[in-house]
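**Student:** Sequence:
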Amino acid sequence: MSNHAEPRHDLSGALKSDVDGEAVTRLADAFAAIADERPATALPLLRQADARGSRMAAALLRHLAGEGPDHAYAAHAAFQAFIRGGDNVPLYAAVSQAMAERHARPAVHRLLDIGAGDGMALLPALRAGTRLPDRIDVIEPQDGLRDALAALFAEQFAGAHAQGRLQLHGVTLQAFVQGLSQGDHWDLAQSSFALQSLPPPERVDALRALRPRVDTLVVVEFDVPALAHGTPAYFHSVAGRYERCLAQYGEDAALIAHGFLAPMLAGQLRRGVAPSNWEQPVVDWQREFEQAGYQPREARPLYDYSWSPAWWMEASAH
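Going by the working numbering, the first residue of the sequence shown is number 365, and it counts up by one from there.
Read the hints as simulated data drawn from the structure, not as lab findings.
No residue lacks a Cβ here, since even glycine has one placed at the ideal position from N, Cα and C.
Misleading hints may appear alongside valid ones.
[Unchecked claim] Now the in silico label distances, taken between C-beta atoms and shown as ranges: (1) Q542 <-> P564: 10 to 20 Å; (2) R529 <-> A590: 34 to 44 Å; (3) D511 <-> Q655: 27 to 37 Å; (4) R499 <-> R634: 37 to 47 Å; (5) A464 <-> P563: 30 to 40 Å; (6) P565 <-> R635: 17 to 27 Å.
Throw the hints in and build the complete structure from the sequences for me.
**Tutor:** Printed below as a string of structure tokens:
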């Protein structure tokens, strides 16, 4: 039986006290100019926003000048500073607690984690449980994150009871499902903030291929505002949310903005630049699960994050 709460959005969003409202307006106008390929208009607007304290404008000016990484996940230090600071800390604590509770009802014996990174959500959830699953398969295509997860798991679960339980797969979800065999099966497949990195058609196809091999799918993602791409409201929402996010990071804000968020934003705005992210509202996530053959069972807000509320979504595979 479905337990679905309606997504809620505060589209204006109260900005943090040190985020200048006029700076956000100039930044939003610059986003529109970048999307329309009008750099002569965008650059003065970015400079004006920068002068009013916009962290994102300063980073975009450097990015558009050719400085820094082309891809959002290329600068490891920037991503690590982002993921382990700000309100990501209480966010991931909430995710880990919810996962630990779910692993116990009923007990999960075979677990699949899609895009676990270095285990920031997964490992605390496993530590909080009364027992480890008999088998834990982790899909993580990035070598550095996967190696870090393996080292942390070995350190935190050093007993003989943990040996052989963790299986790491250095491939994408798309490649993983291509190699599934008849005997592969998991009680629970879970993913937190990773499926947004897959293009929607590939995401649906991969989840559809996975469905016969799992009993339940749990996904934690952000419920972003349902605004038409390219509208003034969309650009203002994105500008405000980027600035709210960066306001959490203090001295690390410049590193994060330049090394991680600027290339991600460029992918959202600029034509011809491959996006790094395909976020969407909760209702669209639910629709995708249904397209892949799952039956949505539960959707609830998990944490009121500075970017957008994080939601817990659970769906039955059968």
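**Student:** Decide, hint by hint, whether the structure agrees.
**Tutor:** For each hint, the structure was consulted:
A beta carbon spacing of about 18 Å between Q542 and P564 agrees with the range 10 to 20 Å that was offered as a hint. For the hinted restraint 34 to 44 Å between R529 and A590, the CB-CB distance of approximately 41 Å keeps it satisfied. Range check, D511 to Q655: about 35 Å between beta-carbon atoms, so the 27 to 37 Å window is met. A hinted range of 37 to 47 Å holds for the C-beta pair R499 and R634, which are about 43 Å apart.
At about 31 Å, the beta-carbon gap between A464 and P563 stays in the expected band of 30 to 40 Å. Between P565 and R635 the Cβ separation comes to about 19 Å, which falls inside the hinted range of 17 to 27 Å.
Comparing the model with each numbered hint stated earlier shows that all of them hold.
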